[in-house]
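Taken in order, these protein sequences are the chains called A and B.
Heads up: the first sequence at position 117 corresponds to 117 in the working numbering, and the numbers run straight through without jumps.
Heads up: the second sequence at position 149 corresponds to 1149 in the working numbering, and the numbers run straight through without jumps.
No lab work stands behind these hints, which were simulated from the structure alone.
Bear in mind that the values here come from a model prediction, so they are computed numbers and not experimental data.
All C-beta atoms, glycine included, are put in the ideal place defined by N, C-alpha and C.
Check before you lean on any hint, since a few could be wrong.
Example chain A residues on the side facing chain B (calculated, C-beta under 8 Å, incomplete) [unchecked claim]: (1) T74; (2) D119; (3) T121; (4) I156; (5) N158; (6) D190; (7) G192; (8) I205; (9) D316.
Straight-line alpha carbon distances no greater than 27 Å define the calculated DSS-like cross-link-like pairs of lysine-lysine that follow [stated by the list, open to error]: (10) K1255/B to K34/A; (11) K113/A to K1056/B; (12) K174/A to K1203/B; (13) K1282/B to K336/A; (14) K1253/B to K135/A; (15) K113/A to K1113/B; (16) K113/A to K1255/B; (17) K135/A to K1256/B; (18) K217/A to K1282/B; (19) K113/A to K1253/B; (20) K138/A to K1253/B; (21) K89/A to K1094/B; (22) K277/A to K1255/B; (23) K138/A to K1256/B; (24) K217/A to K232/A; (25) K67/A to K1159/B; (26) K1282/B to K332/A; (27) K1255/B to K138/A; (28) K1094/B to K1056/B; (29) K1282/B to K113/A; (30) K1253/B to K34/A; (31) K36/A to K1253/B; (32) K89/A to K1255/B; (33) K135/A to K217/A; (34) K1094/B to K135/A; (35) K1112/B to K34/A; (36) K1282/B to K329/A; (37) K1255/B to K135/A; (38) K1255/B to K1056/B; (39) K1159/B to K113/A; (40) K1256/B to K174/A.
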Amino acid sequence: MDNIFVYCETDEGQVAEVSLELLTKGRSLADLLKCKLEAVVIGSGLNDTERQIFPYGADVIYVADDKRLYPYTTLPHAAIVRRLFEQEKPQIGLFGATSIGRDLAPRIASALKCGLTADCTELEIGDHTETRTNKQYKNILYQIRPAFGGNIIATIINPDTRPQLATVREGVMKKEVLSPGRKGVVKNIDTGKWLNQEDFAVRIIERHIESRKVNIKNSGVIVAGGYGVGSKENFGNLYDLAHVLGGEVAGSRAAVDGGFIEHERQVGQTGVTVRPKLYFACGISGQIQHRAGMDQSAIIISINNDPEAPINQIADYTIIGDLNEIIPKLIKYYQKNTK
Amino acid sequence: MKGFKIVLLAKQVPDTRNVGKDTMKADGTVNRAALPAIFNPEDLNGLELALRIKDKYPGTTINVLTMGPARAAEIIREAMYRGADGGYLVTDRKFAGSDTLATSYALSLAVKKLSPFHIVIAGRQAIDGDTAQVGPQVAEKLGLPQITYAEEIISTDKKEVTVKRRLERGVETVAAPLPVVITAHSSAPGCRSRHAKYTIKYKNAKSLSELQESSEDYLQLHKERPYLLIEEWSVDDIGADVGQLGLSGSPTKVKKIENVVFTSKESIVLSGEDSEVDNLMKDLIANHTIG
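Kindly generate the complete structure, drawing on both the sequences and the hints.
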């Protein structure tokens, strides 16, 4: 009772990045609340998942391994999570804000009549006083998320209902191994008893899933371009810089819409959230939606011919000028100083 | 076959995509009046999916169900101009402040009132909240399977529907028994525009509130053409328990709202001179950011 649960997604036996990020966050919340961190993994061929999950800090893993449970369908996963939550009464339940998590979590919230906050960007523990009744709440979950098209940041709480449920977008939390050899308790779920035929009413007929080709999220250096880059050809400069620095190229939504760069490299609210050591924003004005996806970068360098571009407000360095002249200089002086 | 009975869940939303300077008030709250009220974009994708079923199976009826203030009748009328058959506005002050759980409770009761139905279609999410929760929550409350992120309804018969879903890295085709709840993804076809015939036919479709507000007298017209009335349903009409609605029925509370203001960091401004770029690179290498 009163533990923290993380629903772990798997893809062919591999635990999803977002789930490992949630385990890392869940571990720190569990330490604050002095409770256990428990993982639930539902799928097929899950022999290796314990080895993947325990190092991130879980104390207990519930495993439902059944060939009918992979690929994901809503009803059987919802039936298992619901029953587990009813039985174990967690105080917090976390899901990835993925096509799976956003399909599953609302179903659970509805069944348990509890609160759910979508697409959180931060989770904190804090207290709350209900102003009307003066009722005090200790150590509840602050679920922080952008709202209203990213124009406001809302802190949402569920003071009276448990579990407190939240989905969190991939890449927002940091993933960190707690200890590589860590072990815990594995509890197997008897799917024969927990599920019935009606849970399999929806059948998957066909799936075409592409493997992830580029992974800008894990790159320590990102060279991103916006509409101000001007053309697909000019993006060549960005690729050159990324190449010498061992980084990846990314783009703002305007650059993607302009056809300068492919969608899977888009950073921002409707793209990927990144937190590299170094982020170059080249010809990016810095709309709120873009900044939401990169403002956690350790160092931001803006290259822009507009000294008033909003991106400059969050940049550590702003270089005013033509990026087609400045980027070759960056390459030149990087190479000079590393020789 | 006499076609399908479809219920479309739709919402009128402030257009958060065109946020301007006067959108936020000085106190950090949203100035809703500065934003136009529009038909939620993915609900229009849902309407198109419904209309395509109607194109294929004559006799299909599409009823729009929306919850909101009196003016939300506008989107019901808009849907009728594009080919929907009618609509119901769930409206009551007691709904104010409802979160997704309370909203889905009210909508599920209203959907039940429209039984029997074959398919409930909704947009994946509304742009003022982006939660994508109401569709699945309505499905759970109705005890029905759900198909989220629908891009195309491939086939339907009286027993089963086959749907192509859009996922992060691909597509998936699933089959589900009827009745079912489907949520439409923005990658589904955009909605057709108004049809001249329907625009004329439903021009005077009005809700009771609108009839009372209007200076013109539609009484005779509505008597002759009862299909022009957009029914309004209150808490009592849908048989809802008030304790499960509004603020008291909403487990999520807003603790704090902050206007997004990016605090300026100490930014070093460079002109791009060779010596400056040289020093910048030296610094970045020295502090192990690169190198």
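Each hint tested on the structure:
The beta carbon of T74/A comes within 6 Å of a beta carbon in chain B, closer than 8 Å, and the hint placing it at the interface holds. Interface hint at D119/A: satisfied, since its Cβ lies 7 Å from the closest Cβ of chain B, which is below the 8 Å cut-off. For the restraint placing T121/A at the interface with chain B, the shortest Cβ-Cβ distance is roughly 12 Å, beyond the 8 Å limit, so the hint is violated. A hinted interface residue such as I156/A counts as satisfied when its beta carbon comes closer than 8 Å to some beta carbon of chain B; here the least separation is about 5 Å, so the hint holds.
Interface restraint check for N158/A: the shortest CB-CB distance to chain B comes to about 5 Å, inside 8 Å, so the restraint holds. The beta carbon of D190/A is not positioned within 8 Å of any beta carbon in chain B (closest approach about 23 Å), and the interface hint is therefore violated. Hint status for G192/A relative to chain B: violated, with the closest Cβ pair at about 21 Å, above 8 Å. Here the hint on I205/A is kept, as its CB sits about 4 Å from the closest CB of chain B, short of 8 Å.
Interface restraint check: D316/A against chain B, minimum CB-CB distance 6 Å, threshold 8 Å, status holds. Only pairs whose Cα atoms come within 27 Å are accepted, and K1255/B paired with K34/A is accepted, the gap being roughly 24 Å. Distance restraint check for K113/A and K1056/B: the Cα-Cα separation of roughly 39 Å exceeds the 27 Å cut-off, and the hinted pair is therefore not satisfied. With a C-alpha separation of about 55 Å, the suggested pairing of K174/A with K1203/B is violated against the 27 Å cut-off.
With a C-alpha separation of about 10 Å, the suggested pairing of K1282/B with K336/A holds against the 27 Å cut-off. Between K1253/B and K135/A the alpha-carbon distance is near 14 Å, which keeps this suggested pair within the 27 Å criterion. As the CA atoms of K113/A and K1113/B are separated by approximately 22 Å, the hinted pair is consistent with the 27 Å bound. For the hint linking K113/A to K1255/B, the alpha-carbon distance of about 20 Å falls within 27 Å, and the restraint holds.
With a C-alpha separation of about 17 Å, the suggested pairing of K135/A with K1256/B holds against the 27 Å cut-off. The suggested pairing of K217/A with K1282/B holds, with an alpha-carbon distance near 26 Å, which does not exceed 27 Å. Between the alpha carbons of K113/A and K1253/B the distance comes to roughly 14 Å, so the proposed pair stays at or under 27 Å and holds. Between the alpha carbons of K138/A and K1253/B the distance comes to roughly 15 Å, so the proposed pair stays at or under 27 Å and holds.
Between the alpha carbons of K89/A and K1094/B the distance comes to roughly 31 Å, so the proposed pair goes past 27 Å and is violated. Only pairs whose Cα atoms come within 27 Å are accepted, and K277/A paired with K1255/B is rejected, the gap being roughly 33 Å. With a C-alpha separation of about 17 Å, the suggested pair K138/A and K1256/B falls inside the 27 Å cut-off, and the hint holds. Annotation: proposed proximity of K217/A to K232/A holds, straight-line Cα distance about 22 Å (limit 27 Å).
Between K67/A and K1159/B the alpha-carbon distance is near 26 Å, which keeps this suggested pair within the 27 Å criterion. Distance check on the hinted pair: K1282/B and K332/A sit about 12 Å apart at the alpha-carbon level, within 27 Å; holds. Using a Cα cut-off of 27 Å, the hinted pair K1255/B and K138/A holds, with the two alpha carbons roughly 14 Å apart. For the hint linking K1094/B to K1056/B, the alpha-carbon distance of about 40 Å lies beyond 27 Å, and the restraint is violated.
Restraint check for K1282/B and K113/A: not satisfied, since their Cα atoms lie roughly 57 Å apart, outside the 27 Å limit. The straight-line distance between the Cα atoms of K1253/B and K34/A is roughly 25 Å, inside the 27 Å bound, and the hint therefore holds. For the given pair, K36/A sits about 26 Å from K1253/B by alpha-carbon distance, which is consistent with the 27 Å threshold. Restraint check: the Cα-Cα separation between K89/A and K1255/B comes to about 24 Å, which is no more than 27 Å; the hinted pair holds.
Straight-line distance between C-alpha atoms of K135/A and K217/A comes to about 43 Å, which puts the hinted pair past the 27 Å bound. Between K1094/B and K135/A the alpha-carbon distance is near 24 Å, which keeps this suggested pair within the 27 Å criterion. Of the pairs offered as hints, the one joining K1112/B and K34/A is violated, with about 44 Å between alpha carbons and a cut-off of 27 Å exceeded. Between K1282/B and K329/A, the direct Cα distance comes to roughly 13 Å. Compliance with the 27 Å bound is thereby established for this hinted pair.
This hinted pair checks out: K1255/B and K135/A have alpha carbons roughly 14 Å apart, not beyond 27 Å. Taken as a hint, the K1255/B and K1056/B pair is broken in the structure, with Cα atoms around 48 Å apart against an allowance of 27 Å. As the CA atoms of K1159/B and K113/A are separated by approximately 31 Å, the hinted pair breaks the 27 Å bound. This hinted pair checks out: K1256/B and K174/A have alpha carbons roughly 24 Å apart, not beyond 27 Å.
In this structure, the hints that do not hold are numbers 3, 6, 7, 11, 12, 21, 22, 28, 29, 33, 35, 38 and 39, in rising order.
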